[in-house]
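K.L.:
What follows is the residue order along each chain.
Protein chains: 2
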Amino acid sequence: MAIRLSHTDPDFETRFRALLAAKREVSEDVDATVRGILADVRARGDAAVLDYTARFDRLQLAAGALRVSEAEFEAAEKLVDEKTRAALVLARDRIQSHHARQKPVDDRYTDALGVELGSRWTAIEAVGLYVPGGTASYPSSVLMNAVPAKVAGVDRLVMVVPTPDGVINPLVLVAARLAGVDELYRIGGAQAVAALAFGTDTIKPVYKIVGPGNAYVAAAKRQVFGTVGIDMIAGPSEVLVIADGDNDPDWIAADLLAQAEHDTAAQSILMTDDPKLADAVEAAVERQLKTLPRGETAAASWRDFGAVIVVASLDDAVPLSDRMAPEHLEIAVADPEPLVRKVRNAGAIFVGRTTPEVIGDYVGGSNHVLPTARSARFSSGLSVLDFMKRTSILRTGAEQLRVLGPAAIALAEAEGLGAHARSVAIRLNL
Amino acid sequence: MAIRLSHTDPDFETRFRALLAAKREVSEDVDATVRGILADVRARGDAAVLDYTARFDRLQLAAGALRVSEAEFEAAEKLVDEKTRAALVLARDRIQSHHARQKPVDDRYTDALGVELGSRWTAIEAVGLYVPGGTASYPSSVLMNAVPAKVAGVDRLVMVVPTPDGVINPLVLVAARLAGVDELYRIGGAQAVAALAFGTDTIKPVYKIVGPGNAYVAAAKRQVFGTVGIDMIAGPSEVLVIADGDNDPDWIAADLLAQAEHDTAAQSILMTDDPKLADAVEAAVERQLKTLPRGETAAASWRDFGAVIVVASLDDAVPLSDRMAPEHLEIAVADPEPLVRKVRNAGAIFVGRTTPEVIGDYVGGSNHVLPTARSARFSSGLSVLDFMKRTSILRTGAEQLRVLGPAAIALAEAEGLGAHARSVAIRLNL
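Protein sequences appear in the order of chains A and B. For the first sequence, this note's numbering begins at 241 and goes up steadily by one. For the second sequence, this note's numbering begins at 241 and goes up steadily by one.
So that you can see chain A by itself, here it is in the shape it has in the complex (with noise of 0.2 Å):
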């Protein structure tokens, strides 16, 4: 059973904190054997890497066997029916629509001055994707990292995924070219992310790591950071419904319960206006979980982080969602958008009562990649962005050199850099 907290209540104030402040991720301290792990991988290269996959994976490998080769993708494919391989073709080209929306346009200008400036896009050469292993292996994920790569024109984009005792999942194979993955290597941990950011004889190395993963990827992308780029650290899974009392209750139950049933650890929280339709939707979570595949996982979530907020108006309610920021967020009431357009923290908002958060899951074709644990305050779900890089153009003549130096040189002396003030002054025969 969720808490609920009333708005109006003398303690709320206290109450929300304590909610905004809950640790859902318990952090395991595995600093110093991913320290270990990376520079073995660092040393020994293949040889460290067929190591470790043969203790953690349980798989015996030959280095010429790390990869992926294309009669195992042509056998994954044969094994994927039809209904579910056009699922991901629909869901593959609505990303790769949306997605082309979000490439930056470069800028290039000369001002009143005549000083020449811009910004040029290029994208990142090489990108390494990692993919956990079991059941965690999402072929969506394989989709919302990709297509975006490719979208920006990432040349070679490099996928890893574990596969303990040898078993993979056709899928993600599946997935992973349509996406148009370039190079698949069945490997994971700490080993996969070493051998894409150091390189090894058989595996190149990228540039940049993203991906999801358990305590060590997230531990061994931490410590490679600098190296290579690295995408944001993801925490469980949230969403925050906003529900007004014309809600079926069974609708937004499915909803909370589809965040539920990611993780222990996932946070549903269910924030509306109408006591009534919170006690039905307490009630509807209860029926749902008795009869749902994943009810134990789901249950501990929604007992151990789930919550009803009541407030007396939904005015209160955007304020309050600004404040938690949720990774997700639905807007179910009847008139959406000026709700819409106060909101300023959230990773992702689903608009009205027919846009349940697993449409942006799947196939609406914005990406299911986004910040969580609040830190939609201050970041972005990944995004085209995220696999292109920015640079700046300065031009200046002599003649703007003339105008703008001296200014360079004042700047330069208060600073005490004498060759920076020379650098500018020799060439103005100053």
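No wet-lab data here; the hints were simulated from the structure. Please note: incorrect hints may appear among the correct ones.
As the list claims (entries may be wrong) - With a cut-off of at most 20 Å between alpha-carbon atoms, the simulated EDC-like pairs for lysine to aspartate or glutamate come out as follows:
1. B/444 to A/310
2. A/582 to B/356
3. A/318 to B/653
4. B/582 to B/562
Claimed, not checked - Label pairs and their calculated CB-CB ranges:
5. B/349 to A/555: 22 to 32 Å
6. A/577 to B/272: 46 to 56 Å
7. B/283 to A/276: 31 to 41 Å
Keep in mind the model is a prediction, meaning the values are calculated, not measured. Glycine included, C-beta positions come from ideal geometry on N, C-alpha and C.
Could you slot chain B onto chain A? The hints should help.
P.N.:
Coordinates of chain B only, in the frame set by chain A:
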């Protein structure tokens, strides 16, 4: 004396790789110390900040005196001469007008199916700006970090600067005021980062922390990452100058030394197709070093990390430059644009003989906070985007849900996520 490499030498590749791999930073292990300071500030707030300020900056303060007062800003104004102030205003205005062009455009559209999608950019509400104390307390860095934040629309821009023995650089105060900094506190080190990230009674928390600092500040930023956003961790500065034979060796030498004077760990590299120019620049460097106020620093940088690379043809220059991914790239050749177009990995390009990198440090208008240590392969200089975040928006009507729903259900089922499937199916009466 810098090392000399020739592209046609048989050992070139080996030596070039060694140059790329050269470690210029001594990494101090200050993690444990920093962890203690962060925990203490988190627990004791202002009292801890005041204790560390007394210990590290030899400055006894009451909490009420942490914030720099209006009277101090007024006093600082009187200490800055008119020429320097005018240079700061010029720099501020040029940075402002260039960065205004970086503001991203919101996108909301309806696709062929009738699905509404969107991306909306909003400013981060509160940002902290770390400014180093002492000789590295540069007013130009204040402008380069603070102006883009204000252009982005950050509501509350909070600056911290340590003032060892109570000494504060008046130029830094004037620059902070010109840039629109909202609050300024005289604290530094890990304790300042902690105060910004966790908040104290005096200092309300921020959502992101930017700006350069020493090893303690960098470690503190890494440790609070997640609680708040951080910018890149900047390394020592570097420049690569690509020059044809038709350059004044003294101009090029001055540019190389302008980087070298920053730091003994800075790196200046000349790449040219003219061995005579290489010789002449080396001689000019030695000559200019003698009259440089920061000659010792520059000489150590040039001796330990400087390099001159002679290529057979300028066509070879850009591929090598892309492997180096320099923070600053000067292209001092007769017809620079064809080379500019080829560059893929560089923080900023300075085009033509009359665009010394120093113009970009101060008054060009582009940002001087740029990716170091080859990270231009995967990251960009500071921009307005670093102070904003994007919320994605999705809206499917009942009609669109009927079209897309079955594919979402198919993928949810393929991924074993029953509540995901139900969240869609229940809306379709399935």
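K.L.:
What are the numbers of the hints the structure violates, in ascending order?
P.N.:
1
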